[in-house]
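Student: Quick note, the sequences are listed as chains B and G, same order. Residue numbers for the first sequence follow the numbering used here, so the first one is 1 and each next one is one higher. Residue numbers for the second sequence follow the numbering used here, so the first one is 1 and each next one is one higher.
Bear in mind the hints are in silico, worked out from the structure with no lab data behind them. Some clues are possibly wrong.
Unchecked claim - No farther apart than 20 Å at their CA atoms in a straight line, the calculated lysine-lysine pairs in the PhoX-like style are these:
id, chain 1, residue 1, chain 2, residue 2
1, B, K607, G, K138
2, G, K105, B, K379
3, G, K31, G, K138
4, B, K184, G, K30
5, B, K558, G, K105
6, B, K264, B, K184
Below, each chain spelled out in residue letters.
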Amino acid sequence: MKSSELLEQSERAHFLLGNEAVVRGLYEAGVSVTATYPGTPSSEIGDLLYETHRDLGIYFEYSVNEKVAFEVAASASSLGKRAFVFMKHVGLNVAMDSFVSLGVSGVKGGFVILSADDPSLYSSQNEQDNRYLGKFAKYIVMEPSNPQELKDFVVKGFDISEATGQPVLIRSVTRVSHMRSVVKYGPVRNEINNSSKPDRKNTVLLPENSFRLQPQIFDRLKKVVEQGFSRNFINIEGEGEDLIITSGSAYNSIKEALEISGLKAKVMKIGISYPLDVEYIYNQIKHHNRIILIEEGGPFIEEQIYSIIAGKGIRKEVFGKITGDVPYNYEMNVDRVKGILAKIYGIPDKTEVVNIDLPSRPPEFCPGCPHRATYYAAKIALRQKGWKDYISPTDIGCYTLGYYDPYGFGDMLLSMGSSIGTSNGYSIFYGKKVITFIGDSTFFHAGIPPIINAVHNNHPMIVVILDNSTTAMTGGQPTPENMGNIVKIEDILKSIGVKNIHKTDPYDLKMTVETFKRAMDEEGVSVIISERECALEADRKKSKDEFKIFQVNQDKCKLCYNCVRNFTCAAFYIKDKRVYIDPELCDGCSVCSEPLVCPFGAIEVVK
Amino acid sequence: MTSIVLAGVGGQGIITLGKILGEAAILEGKKSLMTEIHGMAQRGGRISVDLRIGDYQSAIIPIGSADAILGFELMETARNTVKLKKDGIIVANKRMIHPMPLIMKAQEYPERESEEIISRYNHYYVNADEIAMSLGEKRSVNMVMLGALFGVGILEISEESLKKTISASFRNPRVSEINIKAFEAGVAAVNQEKVL
Ligand code: SF4
Ligand code: SF4
Numbered sequence: 001m002k003s004s005e006l007l008e009q010s011e012r013a014h015f016l017l018g019n020e021a022v023v024r025g026l027y028e029a030g031v032s033v034t035a036t037y038p039g040t041p042s043s044e045i046g047d048l049l050y051e052t053h054r055d056l057g058i059y060f061e062y063s064v065n066e067k068v069a070f071e072v073a074a075s076a077s078s079l080g081k082r083a084f085v086f087m088k089h090v091g092l093n094v095a096m097d098s099f100v101s102l103g104v105s106g107v108k109g110g111f112v113i114l115s116a117d118d119p120s121l122y123s124s125q126n127e128q129d130n131r132y133l134g135k136f137a138k139y140i141v142m143e144p145s146n147p148q149e150l151k152d153f154v155v156k157g158f159d160i161s162e163a164t165g166q167p168v169l170i171r172s173v174t175r176v177s178h179m180r181s182v183v184k185y186g187p188v189r190n191e192i193n194n195s196s197k198p199d200r201k202n203t204v205l206l207p208e209n210s211f212r213l214q215p216q217i218f219d220r221l222k223k224v225v226e227q228g229f230s231r232n233f234i235n236i237e238g239e240g241e242d243l244i245i246t247s248g249s250a251y252n253s254i255k256e257a258l259e260i261s262g263l264k265a266k267v268m269k270i271g272i273s274y275p276l277d278v279e280y281i282y283n284q285i286k287h288h289n290r291i292i293l294i295e296e297g298g299p300f301i302e303e304q305i306y307s308i309i310a311g312k313g314i315r316k317e318v319f320g321k322i323t324g325d326v327p328y329n330y331e332m333n334v335d336r337v338k339g340i341l342a343k344i345y346g347i348p349d350k351t352e353v354v355n356i357d358l359p360s361r362p363p364e365f366c367p368g369c370p371h372r373a374t375y376y377a378a379k380i381a382l383r384q385k386g387w388k389d390y391i392s393p394t395d396i397g398c399y400t401l402g403y404y405d406p407y408g409f410g411d412m413l414l415s416m417g418s419s420i421g422t423s424n425g426y427s428i429f430y431g432k433k434v435i436t437f438i439g440d441s442t443f444f445h446a447g448i449p450p451i452i453n454a455v456h457n458n459h460p461m462i463v464v465i466l467d468n469s470t471t472a473m474t475g476g477q478p479t480p481e482n483m484g485n486i487v488k489i490e491d492i493l494k495s496i497g498v499k500n501i502h503k504t505d506p507y508d509l510k511m512t513v514e515t516f517k518r519a520m521d522e523e524g525v526s527v528i529i530s531e532r533e534c535a536l537e538a539d540r541k542k543s544k545d546e547f548k549i550f551q552v553n554q555d556k557c558k559l560c561y562n563c564v565r566n567f568t569c570a571a572f573y574i575k576d577k578r579v580y581i582d583p584e585l586c587d588g589c590s591v592c593s594e595p596l597v598c599p600f601g602a603i604e605v606v607k
Numbered sequence: 001m002t003s004i005v006l007a008g009v010g011g012q013g014i015i016t017l018g019k020i021l022g023e024a025a026i027l028e029g030k031k032s033l034m035t036e037i038h039g040m041a042q043r044g045g046r047i048s049v050d051l052r053i054g055d056y057q058s059a060i061i062p063i064g065s066a067d068a069i070l071g072f073e074l075m076e077t078a079r080n081t082v083k084l085k086k087d088g089i090i091v092a093n094k095r096m097i098h099p100m101p102l103i104m105k106a107q108e109y110p111e112r113e114s115e116e117i118i119s120r121y122n123h124y125y126v127n128a129d130e131i132a133m134s135l136g137e138k139r140s141v142n143m144v145m146l147g148a149l150f151g152v153g154i155l156e157i158s159e160e161s162l163k164k165t166i167s168a169s170f171r172n173p174r175v176s177e178i179n180i181k182a183f184e185a186g187v188a189a190v191n192q193e194k195v196l
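If we strip away everything but chain G, and leave its shape as in the complex, we get:
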């Protein structure tokens, strides 16, 4: 049984990632539940999705019990640590998206504060946006992140099932191929972090 919080802002492909992860679990005969706690249609709105694989009934993850946070945006990653258990894992993208109250007051982003909160837990940083950009498809950020999550080894789902689901999720074979590459690059990036 695994509970994962996916956190970030609108437009980062978080819901698609959740769907792929859930479908891969189902492919292996597991149950899976997913729900958006915050999920505005607008771009830039806060998104957090609870995803649970295994025999759960409640889609909402209780406080302090998530096994992992897959964070697409620095501050949102830090914010969602309330849901993480003490020995949980964070996989964090370094992306920073400034919220309106800060912009309006001409204030800086709380980068250090966010990093400090993240550093209290077992964590890995991934430059998912850069990696996706280098593959020529910036929208593949989510698959880089999925690869990274797989790379840290907390998913009880095989690489094969994940790749199969990724391929099936994109109609265009070229896009599908890039997304598989993005997944692999995510795995590699996290493995490199592990060595460091």
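Isolated chain B (complex conformation):
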């Protein structure tokens, strides 16, 4: 998407990705400052801001992690500027400390944080429902259902934040952030570039200040209801005896599911799920005996509805997660909602599912990916040294795929940086040397404190930094090593006092195997920086003649299958028992032509 499309003033309908709509919303809201650490499914917001922020007149940065990004935005808000920070759901855990404190301080310039949750775990380690974190930290929680609402909620979120003095959490989910649909633009507000010193009695959370602020948090939250915001974000549609209460992405499936099932119900869609307007909702639910709650994540609204029912002393028949009628996990869709309704209403669910038995296609390393080569070389070195029961904690990035066969690396993964963190413990309690894997961007994000710990407490380990100089998994965002003032991993390691620092190019398998073997003989902390640019990024820079293609020379091939079984480049395939390389897929990295992959020299360059 081009800046000119974002800047357009026309009423024309645009076909926007939810994440693109967010950027338009920021522009309409006159936001001054934005920051992030990339994370799916929120990364396209950053991609687009990175491209266009100058034209939009918005400050944007890729911060080193979510906590710093949060603090960049929080500082701007304390000066009176409108500030926005966004991240994937688990990113909020990283920012948690400051996140909670800002709920106490309150905000001066409007402050909106967007958390992109991932029900169904398309690209995450858990399904956490960050509405709970919003409520925990006393943020106003908004739940858009589609790209249009994403944009509109961003704009209104800033107004509400400023009207109440409290920060706003917009909870998006994969299906909303990654949905593309019609978006109509609204008017653009001029940026208010305030800059007044922070109100230090609110922004320095000494016990004394924080003690005074505690009741104010609830006063600010009360305004959300008193000023009618909670109510204005409730939409009621349809008619029927029963009431379905829903929010966010789950809402999208309900109308179609009701239609297919031939059912009628009133549907109440909640846009601000914390704090709720208790009186307004009570006046709605009192007319219905049966209430069905369909939301994605935990029973967040459901629990609050129970409180209203209990508080008002009324009796209702409630169907939801707590009663076991609605599943806790995974994203909703029409088929699932139809199934839920069928059970509640005791009608048959007619969906016929044809069983299709085909091999799966799990995600895999791209052809030419340097990670494949690093893992392959590591395996050879471990075999040659006779290391068998080693432990290999891994981390978050494309290289996590090294978990799968034929590479099989990875014994523990908790969060960003946990590879080195858990290695600190394994190195003592497992009793054998640990070989751990972490990417360059992840190292900057959360790998530095645990490696300081390893040096400081003398925990022996081999840390392999898979340095492809990009944040590849989320689409190739820059890292401190290749943008702005360059920060070098090697310099950091030296200053920490890591004595054994090795560098290797994974495309050179022999050198990489030797490097691993050397590190395996060392005491203390050894670091191997396996350095080679992400193949996708490198391809973008290659000219047409620089592309090479490799092929299997069928006369030389002895059908040992080492290449396919153990190295397993995605460009290989088997036909009539022979090995071939798909010329459309081959990236020309040449690694498979090395003797450590093909001992018979059968893989040759053709172009």
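Could you slot chain G with the ligands onto chain B? The hints should help.
Tutor: Using the frame of chain B, we list chain G with the ligands on its own:
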């Protein structure tokens, strides 16, 4: 109202095609929704995109209700027939991209099995990669496929709107022209299949 599943693997231009199709619908004042069910950034990863034109709220197409599958890769085309209604149409590219579990076990691609599944439905095959190659721009595969989809006649969008959107989508006029040609070649290829 039309629901279409676009299926294939990363790097085949599927998302771009979806965007063009959705934008063309919007140009005609229709609503359109699109979402990637699977869509890894990596090359070779499985991609399936649900695209719905008309007054829908849910971007995800319910099982057994899609009007068409536009399949860029044989096995992925077959896999996505769970979403297709009984009298739905398949437009399938013959391309085969071997998944990792098969490569690793030195196994062959399930070509016959995939074709058998596809043959249960009303289907058209297009050699989109070959056609794109013959036009000198292998990346125009997606526009060949779009042409083929238009050619089978299930889109309630005019040729004019589609071509207009294609032209607007490519900044370079030469690339834009090739993509229009690719679209036309796709229409022709499917018409030929119809005669056969
Ligand atoms: S490693 Fe070489 S000889 Fe062995 S199957 Fe592969 S190409 Fe053939
Ligand atoms: S040169 Fe070999 S390893 Fe590299 S991409 Fe081509 S087939 Fe794969």
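Student: Decide, hint by hint, whether the structure agrees.
Tutor: Hint check:
no.: 1; hint: K607(B) - K138(G); verdict: 17 Å, holds
no.: 2; hint: K105(G) - K379(B); verdict: 18 Å, holds
no.: 3; hint: K31(G) - K138(G); verdict: 31 Å, violated
no.: 4; hint: K184(B) - K30(G); verdict: 13 Å, holds
no.: 5; hint: K558(B) - K105(G); verdict: 17 Å, holds
no.: 6; hint: K264(B) - K184(B); verdict: 30 Å, violated
The structure is inconsistent with the numbered hints 3 and 6, although it conforms to all the rest.
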